[in-house]
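J.: Sequence:
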Amino acid sequence: MSTRVFARAALVGAGALALLGPLTAATAVAAPAADRGGARIMAAPYAVVPYETVNVRSGPARAFPTVGKVEANQPRGAYCWERGETVSDYGITNNVWVKLAEGYVSAVYLKGNEYGDLPASASC
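Residue numbers (my numbering): 87 to 210.
There may be inaccurate statements among the hints.
Straight-line alpha carbon distances no greater than 27 Å define the calculated DSS-like cross-link-like pairs of lysine-lysine that follow [stated by the list, open to error]:
1) K155 to K197
2) K155 to K185
3) K185 to K197
Okay, the calculated beta carbon distance ranges per label pair [to be verified]:
4) A129 to Y176: 28 to 34 Å
5) D175 to A129: 16 to 22 Å
6) E200 to S144: 19 to 25 Å
7) G177 to A129: 33 to 39 Å
8) D175 to P151: 18 to 24 Å
9) G145 to E200: 15 to 21 Å
10) E200 to G163: 18 to 24 Å
11) S174 to A129: 31 to 37 Å
12) R148 to E200: 24 to 30 Å
13) E138 to A187: 17 to 23 Å
Honestly, the hints are just simulated from the structure, not real lab data.
Because the structure is a prediction, the values reported are computed rather than measured.
Virtual Cβ for every residue (Gly too), placed ideally from N, Cα, C.
Construct the entire structure; sequences and hints are all you get.
T.: Structure representation (structure tokens):
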């Protein structure tokens with residue numbers, strides 16, 4: 087096979103893969119939940135970023151058990167915020183807790199506004 091024919095075959099193959107990729111992705115997304123083993127993937131509508139490693143708790147207060155941690159500068163999906171225990175740290179006092187998939191984090195440790203950069207209308 088000459089170099090020119092080989093190059094043309096490679097371009098045609100790459101074009102076919104480029105077309106196939108989106109079709110495959112769309113087909114996978116459109117598959118019913120039963121075809122995916124019943125697993126549901128729910129994307130959080132907001133993103134939050136802690137400026138330091140923060141404990142994730144099962145409820146909106148430090149009295150709730152710690153269920154994990156979010157590392158500093160690691161974005162996490164967030165659903166809403168709610169008022170809970172007042173936390174004071176680094177000269178900031180706030181009673182807003184942001185609900186993540188894993189649990190709650192105090193907005194005191196999140197970058198952004200008083201709601202961890204969620205809109206004021208995103209209360210739980």
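J.: It remains to establish, for every hint, whether it holds in the given structure.
T.: Hint by hint, here is what the structure shows:
no. : hint                     : verdict
1   : K155 to K197             : holds, 16 Å
2   : K155 to K185             : holds, 13 Å
3   : K185 to K197             : holds, 15 Å
4   : A129 to Y176: 28 to 34 Å : holds, 31 Å
5   : D175 to A129: 16 to 22 Å : violated, 30 Å
6   : E200 to S144: 19 to 25 Å : holds, 23 Å
7   : G177 to A129: 33 to 39 Å : holds, 34 Å
8   : D175 to P151: 18 to 24 Å : holds, 20 Å
9   : G145 to E200: 15 to 21 Å : holds, 20 Å
10  : E200 to G163: 18 to 24 Å : holds, 19 Å
11  : S174 to A129: 31 to 37 Å : holds, 33 Å
12  : R148 to E200: 24 to 30 Å : violated, 18 Å
13  : E138 to A187: 17 to 23 Å : holds, 20 Å
Violated hints, in rising order: 5 and 12; the structure is consistent with all others.
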